[in-house]
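Quick mapping for you: the protein sequence lines, in order, are chains X and H.
Here our numbering is used: the first residue of the first sequence is 1, the next is one more, and so on.
Here our numbering is used: the first residue of the second sequence is 1, the next is one more, and so on.
If you are wondering where the hints come from, they were derived from the structure by calculation, not from laboratory data.
Don't take each hint at face value.
Unchecked claim - Okay, the calculated bits of chain X under chain H, using three or more residues with CB under 8 Å as the criterion:
no.	region
1	43-52
2	104-112
Claimed, not checked - No more than 20 Å apart at the CA atoms, straight line, and that leaves these computed lysine to aspartate or glutamate pairs for EDC-like:
no.	chain 1	residue 1	chain 2	residue 2
3	H	K287	H	D350
4	H	K385	X	E112
5	H	K287	H	D244
6	H	K385	X	E74
Each residue gets a CB set at the ideal place from its N, CA and C atoms; glycine is no exception.
Chain residues, written in single-letter form:
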Amino acid sequence: MTINSEILASLIFLFFGVTAIVFGAGFGFGTPRALGAGAMPVLVGGALCILGGVQFLRALRANGNFPAAFSRSEIRPLVFILSAVFAFATLILPVGLVPALALLIAIAWFSEKGGRHRELVGAMVVVIVVMIAIFNFGLGLPIRLFAWGF
Amino acid sequence: MDFLSLLAMGLQVALDPVNLLYCLMGVTLGTAIGVLPGVGPIITIALLLPLTFGLPTEASIILLAGIYYGAAYGGSTTSILVNLPGEASSAVTCIDGHQMAKQGRAGSALAVAALGSFFAGTVGTLLIALAGPPLAAIAMRFGAAEYASLVLAALLMVAAMTRGGVIKGIGVALLGIVFGLAGSDVLSGAFRFTFGIPELRDGIDFAVLAVGLFAIAEIISNLAGSAQSTMSTNKIGRLWPTRDDFRRAWPAVLRGTGIGALLGVLPGAGLAMSSFSAYMVEKSVSKEPERFGVGAIEGVAAPESANNAASQTGFIPTLLLAIPGSPVMALMLGAFMIHGVAPGPRMMTDHAPLFWGLIASMWIGNLFLVILNLPLIGLWVKLLKVPYHWLYVFVLAFACVGVFTMGSSSFQLYALVFFGVLGYLLKAAGLSPALFILGFILGPMFEENFRRALSISRGNAMTFIERPISLTFVVLGLLVVALTATAFVRRGREEATDD
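With these hints in hand, go ahead and build the complete structure from the sequences.
As structure tokens, this is what we get:
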């Protein structure tokens, strides 16, 4: 069975609903006069579970009438864009802004199919220069450009 | 202080050179992103949120507001010239605006759109100034029970208006509330959903959440469906409307302004619905409805005035009640909170220079927009030639550096990846990320007032329906949900919602 968007919505509701109840219960519900920190999570989580259940039944009854939630064309940009951000996150402190940005742009560039590899270097230079201009000079934020020196 | 001296104080703040510069930057940027398809005010405001940390409060709010109403302006340009709405709120302008362009009357359509928007913006700004004091006086009398019911009603109304049905709408708002609960509990100080991570003790960072849900997830879905359309630009023609155009346009501008101003205040209606409604009204009151769709100037004047009026009056509930009626307003509210300013009935007195300065700046900004849009129109159209692969690497780089500068740690960036995935999942499930944000902002407000109201009434839940104002809100919210569930407004809604 392919997961369609209606089923996916119900699963998201159920997952976070259950999570909210399980953890929320531990924070203490309190009394109606003095609701505890756990009251809201449990109430909202409960409502989410109910809505998720209703949504799930509705989706099952009308099975097959909805488009699939995920499409193949999304895999490439999803993987490349998220890896680009992840790489930037890992590198920014150890190596500094310029190399981290260069890698971010290089990875993100490949989330679209097709060539234009020559443009990549141009994009790197332009984006890095603009970022330094805005953040370092424009806003005066002290970001290290390279891990060594500066 | 009387009304005039308050406005004078506002003008003083708005005319401060620094603030004037940020206002100009805001409306310029707003026009640019309004023109560009694929980048809207939500993404832009989300991206700039981390930056505003370093700016003075007045300057950053004036900047962000400028982007918001500037985008409503810029969207019309591409609708008319290339039949491509830069924003959802300008989609309806395509119908007659582009027909006019094809007939060589683009200049006329653009001028009417700009002048109508300026008029509507001025009226909208004036309405905020006039409605402010009396509304604040009423809201001052709200207790915790009234506030809790008001938040509930606003959430229900927005959820009901969202594409995809009431269940998914309410569900995704609740999901936002769950994420809003993370961090330390306001009343007891207990840490909730922090999973032992110290960075989460102050709650999930609003700017990171917004950038992840909107910018990152939006880039991914834009790239997946990258059907690049080729655009042909029509000649603009003479830039001044004919006498006949003027005669037909001005009543449409008046009606559009009225409709927009009214719908802008209502939660959930949004800019797109107001321009759509204005167009429908115009068509139905016209003596020659057959002219619509083949280049009627009224079909440009009314919706463009309406969305601009709505973009201004949308500030009324946000500023005075702290209840944002649309996702962009939720972001604006977030921006206020980042700066430690709590919007609400006391804002007009506690932060008078900010409140009146913002209002005055919006009027000045609207003036800037007319100047920016009419003579420089050719420049904006050139922006359409920027290829998307340059645009998205820039947005991505900006997002990452901006988020990093907030805490100078990698944690926020990993959180950005998490919210990018979440935003992608929400989109795949057909759930509105905008409603998620609204729930995230309003959730803590609801919880605090709900618990406080219950402790005041000694645990008696009847307090929410025994107090007349509170009861009104509860009934209103439930009524809208019931009406939507019976498909009463479904038809109009599918064609006209901001997402």
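Tested hints:
1. For the region 43-52 of chain X, the stated coverage by chain H holds: 6 residues have a C-beta nearer than 8 Å to a C-beta of that chain, and at least 3 were required.
2. Only residues whose beta carbon comes within less than 8 Å of a beta carbon in chain H count, and the region 104-112 of chain X has 6; three or more means the coverage holds.
3. Distance hint between K287(H) and D350(H) is unfulfilled; the C-alpha atoms sit about 50 Å from each other, more than 20 Å.
4. Of the supplied pair hints, the one linking K385(H) and E112(X) holds, its CA atoms being roughly 18 Å apart against a limit of 20 Å.
5. For a cut-off of 20 Å, the pair hint linking K287(H) to D244(H) stands: about 15 Å separates their Cα positions.
6. Distance check on the hinted pair: K385(H) and E74(X) sit about 25 Å apart at the alpha-carbon level, beyond 20 Å; violated.
Checked against the numbered hints listed earlier, the structure breaks hints 3, 6; every other hint is satisfied.
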